[in-house]
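For the record, the sequence lines run as chains A, B, C and D. For this note's numbering, count along the first sequence from 1 and bump the result up by 1. For this note's numbering, count along the second sequence from 1 and bump the result up by 1. For this note's numbering, count along the third sequence from 1 and bump the result up by 1. For this note's numbering, count along the fourth sequence from 1 and bump the result up by 1.
What the hints contain is simulated information worked out from the structure, not anything from laboratory work. Careful: at least some of the hints might be erroneous.
Chain copies aren't distinguished; within one or between two, either way the pair holds.
[What the hints assert, rightly or not] SDA-like, lysine to any residue: derived pairs with alpha carbons at most 25 Å apart:
#1 K123 x E299
#2 K337 x P33
#3 K256 x K273
#4 K122 x P228
#5 K123 x Y286
#6 K273 x D131
#7 K337 x G34
#8 K308 x T161
Computed from a prediction, not measured in an experiment: that's the story for all the values here.
Protein chains: 4
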Amino acid sequence: MEERLMFASDYMEGAHPAIMERLMETNMQSTPGYGTDEYSENARELIRKACGCPDALVYFLIGGTQTNATVIDSVLHRYEGVLAADTGHVAVHEAGAIEFTGHKVLTIQGTAGKISAADVKKYVDDYYADDNFEHMVKPGMVYISQPTEYGTMYSLEELTALSEVCRSFHIPLYVDGARLAYALACPSNDVTLKDLARLADVFYIGGTKCGCLFGEAVVVPDPTLIPHFFTLIKQHGALLAKGRLSGIQFETLFKDGLYEKIGEPAIKAADKIRAALVEYGYKFYLENPTNQILIILENSKLEALKKDVELSFWEKYDDTHTVMRIATSWATTDEKTDKLIELLKK
Amino acid sequence: MEERLMFASDYMEGAHPAIMERLMETNMQSTPGYGTDEYSENARELIRKACGCPDALVYFLIGGTQTNATVIDSVLHRYEGVLAADTGHVAVHEAGAIEFTGHKVLTIQGTAGKISAADVKKYVDDYYADDNFEHMVKPGMVYISQPTEYGTMYSLEELTALSEVCRSFHIPLYVDGARLAYALACPSNDVTLKDLARLADVFYIGGTKCGCLFGEAVVVPDPTLIPHFFTLIKQHGALLAKGRLSGIQFETLFKDGLYEKIGEPAIKAADKIRAALVEYGYKFYLENPTNQILIILENSKLEALKKDVELSFWEKYDDTHTVMRIATSWATTDEKTDKLIELLKK
Amino acid sequence: MEERLMFASDYMEGAHPAIMERLMETNMQSTPGYGTDEYSENARELIRKACGCPDALVYFLIGGTQTNATVIDSVLHRYEGVLAADTGHVAVHEAGAIEFTGHKVLTIQGTAGKISAADVKKYVDDYYADDNFEHMVKPGMVYISQPTEYGTMYSLEELTALSEVCRSFHIPLYVDGARLAYALACPSNDVTLKDLARLADVFYIGGTKCGCLFGEAVVVPDPTLIPHFFTLIKQHGALLAKGRLSGIQFETLFKDGLYEKIGEPAIKAADKIRAALVEYGYKFYLENPTNQILIILENSKLEALKKDVELSFWEKYDDTHTVMRIATSWATTDEKTDKLIELLKK
Amino acid sequence: MEERLMFASDYMEGAHPAIMERLMETNMQSTPGYGTDEYSENARELIRKACGCPDALVYFLIGGTQTNATVIDSVLHRYEGVLAADTGHVAVHEAGAIEFTGHKVLTIQGTAGKISAADVKKYVDDYYADDNFEHMVKPGMVYISQPTEYGTMYSLEELTALSEVCRSFHIPLYVDGARLAYALACPSNDVTLKDLARLADVFYIGGTKCGCLFGEAVVVPDPTLIPHFFTLIKQHGALLAKGRLSGIQFETLFKDGLYEKIGEPAIKAADKIRAALVEYGYKFYLENPTNQILIILENSKLEALKKDVELSFWEKYDDTHTVMRIATSWATTDEKTDKLIELLKK
C-alpha cells in the first residue's frame, strides 16, 4: 500500500505520534460528552494562553468546510454575504456549503490567493456608492486564509491593514487557518498566534492538516461575537459526541508549543524540493514559502512521474503543460524527500 | 478523573481496543483522502456483505445529527417533510438541524418511542383527503430509530408492516441505527442487518455509540436513491478529509462479525441492573430490553446517588420524582455494574 | 360565473370600490418604485397614527404566508424557532414556508386556536429546565393570530398577559392579522390597533382578506427590531416593484378609518347566519364571534347544499358528518346572506 | 407629483388601460382562489397557444426576483448551482435571493450582458475536467435574460446554440423575460414566443415591466420538469390568494396578441431618443435596440438634467462622467419623449 511516493496533500497520514499516544493512554476513561470534559477545557485554556486572549470562546469542530460554513453562517446576518478571494476555499471547493446556509460568497479577484485592504475598501465603498445597494447583498464578513490556498502568506503589515479596514466598516475579519502550522513554521512569517487573535475577529487553528486525526479549533477573541455558538454547532451537524478526542489532540499540540514547531519538517522538505526544482530548471506556477509547491510540468514528464509519485492536479496550463501541486507535511521524511528529488531529476 | 461511576451515556469512552490497535498500526501510512482509500473500500464491501446488499452505496459520516440532516435533506424533495415520532431524535434533540436544511419534521404521537404502520397510513391518507393538501408539506420520508430513543425495538413484523406501507406510498423508510449494535445484541431482537437492508430504503449503522471514536455508516441498498451523495456530504460539512479513519474503524467492526457482538456486555450489564432494580422495588418509567434503563427516582434518592454516580436527566416526573436514564455500553465492566447495583441498594 | 353562492372564503372578490377608484385615478402617474413613492409614505404615516406608534417601521408585503415567513425569519436568530398553536397557519397551511427559511415551528396545543400566557410560560420554563436545552431549538418568538384560524379572538386581558410573559423572557410577540378587520368590527372585541402596537413587537394588518386586491402592512413599533428589513424583504422575494399599489390601497383603508369599519358587513352577515343556524338546529363545531362559522354538517345535507353553495372543507368529523366553514366578508351582501339562510333551512 | 419627466425605469406607472378596465368589470365577481378560477385557466390556455406548447405548465407569480428564486430552486437539485452572466440579475441585484434558497450562482464573464454557447460549454467541460469536481457545485441550470439587463438581445442563432449545448449536457435552460415584450417589439428581434418555448426548458413572460400592475407568467413546456410546483410556489411565499388578478391581466395581454405589440411605443420612443443622442454627440456606454439606453454623461450635464428628469444611475464611469440609464416603456408618450429630447439638446 505504501510503495508509491505520496506528495499529493498534507492529510494523508494519521496523527502525530504524541497525539496517538495520548489517545491510547486515555482511551478507556469515562468522560462527559460534547466538549464538557477536562481535556477539552484544558486545551481551550492552553489555546487562550498561546493566543493571548484570555476571554476567548474556543470551540472544536471537525473539518475545514464544516468550520467555515458554521462560523460564517453564525457570524453573518441573514442579509449579509462573505467577501473572499475568487480563489478562496469557500468560493470554489466547498461544494456550495456556504450558499447552502443561505449566504452569498462575494468574490474579489485575488493576487496569488490574497486580497488586500485596498481591495476590501474599494468593494465596500462601491457597495455603498451604488444607488441600488439595498437590493444587493451587504458585505458582512471578510474571509482570508493564512497561508492561502496558493501557499502564500499575509505579512503582519498586510494583516494589520486588512484588520483596520474591516474594523472601520464594522465587518468581522475571519481567518481560515487550515494550514496555519505551516505558516507559523516559516522563517519568513511574521504573524504570530497572538497577532491573529488581536487582528482577526474569529479564526481557526487547523488540526486536520497539521498533525491531528481531525479537528479545527475556532477562536473567538471577543466572546460576545457569537451567542449560542454551542447550539449553532449542533445545528450545523458539527458537534462531536466524544468531544474529548478534540480536547486531547489540541491539548497535546499546545502543551509544549508543539503546534508552532510541528510544521518545520514540512517547510524544510519543501525548501529542499524547491531548491532542487530550481536547479533542474523547473518552472514554478507561483512562488511561495510554505508547504505547497505549484509547478508547471510538461505533460510527458508528468506521465513519467505518475508511475512513482502521487502529486495533485491543480489546473491545466496549456495543451502540453499541467500545473501540479507537491505538498509536504509534518509527516514528510528526509527519505521520501530525497526519493522525490531523485525522481524529479531529468 | 475516574472516581465517579459513569452511567450517563454510551459515548463516554474512546474506542474498542481492536479499533485503537488498528489505528496505531496504520497511523503513518499515506493514503488518499475522502474515503477513496483501500480501508474504506474494504469496509464498504464488508458492510455490503453483512447486509446482503451487494449494490449498496455505503458512506461514512461522523455523527448522528449530521447523518440525519444529510440523509434526510438528500432524500427529500424540497416540498417534502419527514414523518417521525414526536419523541424522535430529529424532532427534539438536534437543535433544529433538519429544519435548518429547509424541511419540516412532521410528527406522529409515538408509543414508547415507536410509530406503527397504521399511524403512517392514517397520516398519509389524511394528508391526501384534505382539500388543502397542496398547501401543506408532503410527507416524503418516514424516520424511525432502531432501537428507539426510549430503548424499545421494532419487531420484524412491525418493521415489515412499516416497510410495506411506505412502499405502497412510494415514501422511503429511513432507520436511524445510532445504537443498532445494542438491538443486535438483544436476545429478543429478531431484526437482522439483512432485514434492515431489505426493508429500509436507507439506514445507518451507528459507530459513535457502538465502539468507534466516531462515525456512522450510511447504507443505501438501491444506489440510485441518492445521486451525487458525495457532493451532498461535502456540502453538509460531513466529509472527513482522512476518510480512512472511518474505513479502519468499520473494517474492524465488520471483519469478524464484531459489530453484531459488541453490544453484548452492555445488554448483560443492563439486564443485571434491571433485575436489581426490580428486586429493590424501583419503578421503571418504561420497560425495554436494550442498554438504556429509564427509572423514576425519588428526588432524595437521586441526590444521594449523585455523589457517586453520573446518570442522565430524562425528564421531571412530578414534584418529588425525576425520570433518570442509566446507560450501559460496550465498555461497561462487571466491576462498575456491581458497584452501581451496590449503590442502588437502599 | 356567478350563479353559485360563494361562501367558501373571504378572498373571492377584487377590492373595495374605494380602492379600485383610487387605483384608476392614479393609474397613469409615474412614481418611483419599491415603496419610495408618496402614496406609500402617506399610507405608512396614516398607519403609524392609527396605531399610535410614531416611530414604527411600516412595510407592505403581498400575502400572508410570505409575510409570516419574511417576518419570522427576519426576527429570529438562526438558533431559534417560533412558538405557535398547533393549529396556527404557520404550523399547518404554509407548505413549510417557515422551515424553508431554516426555522422550526415549535407547537403548543391550542384551545380553539388560541394559546395562553401560561402555555408560553410553561414551554419556556420547561426548555430552560431541560439539561439538554442547548441541544434543542430555543423559543425565539411567539406567533399568534388575531382573530385566529378558528375565528376566535384574544381579549385585551389575554393579549396583555401574553405580552408580559413574552417580554419577561425577551421573546418578541408577533400577531398575524390576516383577518384583523373582522376582529376590529366585532362588538365583543376589546383589542384596538393601538393595543396591538403597544403589546405586540411586530404585527401585520391584513389587506388581502380585508378589502384589498392584495397586501399586508407589517408594523414594527420599535424600528430597531429588524435592521435592513428592506433588503430582507427583497431577499425573500416579497418586494413589489410598483410599491405604490400597496400604498394607494392602505392609504384608502386608513384615510377615514375605513379599515376599522370595513369588516362590519361581514360580522352582520355572520351573526344573521349564526342566528339562523341556531334556529334550524345546526351544531357548531366551535363558537366564535367573527366572520368564519364552523358547522358540523350531515354528509347528506352537505351534498344537497353543494349544488347551490360553495363552502369550504374544514375536516372530517365522523363517518357521516363533515366540518365545513362558512366565511363572510366585506363584500357579502344582504341578498346573498338571505339566499344562504334560505338554503340552510331544511 | 408628475411635474418631473420620469425616465428612470419601466415600472413607474400602473397597468395598461385595457387591463384596468377588465379589473374594474370583474371586481365584484366571486371566484375561487389561488389560480383555480376561469380567468386564470383561460390565460394559461392563451399563453400555451401563443407559445405553441399545448402541454405546458403555466403558473403566475408576482415579481421577478421571486420568480427567479422560485423557479431556480425548484428546478435545481440540492447539489447544483445556476450558471449566469456575472451581470445577470440573479447574480447582482436580488439581495442574495438565490443563495437564500441554498444554491450558488456560478458566474461567467458576460459580453454586453450575454453569455454564449461556447462559454457554457467551456465552463461545463472545465468542471468535469477538474479532478476535484465532486467537491464543487455542479452546474445544473443556465440562466439568461431576454432582453438582458443591458438591453441587448440573443439572436435566434445564439439561442439555438445555447439550447443545444444545454441539452447536450442535460442542463435546463431558463430565460428570464422580465422585459420580454420589449424584445418582441424590436424590429431586429428574430426570437418568437414559440422559439422560446421550443429552445428554453423554462422561461417567464414578464408582466410587471410590460403593462401589468404586477405578475410574471412562468411557462414550463415539458410539464414533468417541476413536480409539485404549486406547493413549491406556496412554500416560496409566491402564491397569490386572489389568483384571478394575474389571470385577468394575462388574459388581456394574450387575447388579441396585445403582449407582442405592447412594447412598440417604448421601442419607437427609444429609437427617437437614440437618434437625438447621436445627433447631439452623446456617447453610448453600450449599444442595444431595446427600451433601455445606457449613456455616458458628463457629471455637470447630469446635474443640469436632474432638475427636470429622473434617470437611473448605472455606474460611475470616471471622475467626471457617470453612466446613466434612460428607460422607456409601454406608457411613454410622444409628448414626454419630445420634452426629454429637448432637454438633452445642449
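To see whether the hints hold, each was checked on the structure:
1. For a Cα distance limit of 25 Å, the shortest separation of K123 from E299 across copies, 23 Å, qualifies, whereas the shortest one inside one copy, 39 Å, does not.
2. When the C-alpha separation of K337 and P33 is checked against a cutoff of 25 Å, the pair qualifies only between copies, where the shortest distance is 17 Å, while the shortest distance within a copy is 41 Å.
3. Proximity of K256 and K273 under a CA criterion of 25 Å is satisfied in neither setting, with 29 Å inside one chain copy and 43 Å between copies.
4. Taking the closest pair of Cα atoms, K122 and P228 come within 25 Å of each other only across two copies (23 Å); inside a single copy the shortest separation is 28 Å, beyond that limit.
5. In this assembly of identical chains, the alpha carbons of K123 and Y286 lie at most 25 Å apart only when taken from different copies (22 Å versus 28 Å within one copy).
6. Within a single copy, K273 and D131 get their C-alpha atoms no closer than 50 Å, and across copies no closer than 29 Å, so neither meets the 25 Å cut-off.
7. Taking CA atoms no more than 25 Å apart as the test, K337 paired with G34 passes between copies only; the shortest distance there is 19 Å, against 40 Å inside one copy.
8. When the C-alpha separation of K308 and T161 is checked against a cutoff of 25 Å, the pair qualifies neither within a copy, at 45 Å, nor between copies, at 45 Å.
The structure is inconsistent with the numbered hints 3, 6, 8, although it conforms to all the rest.
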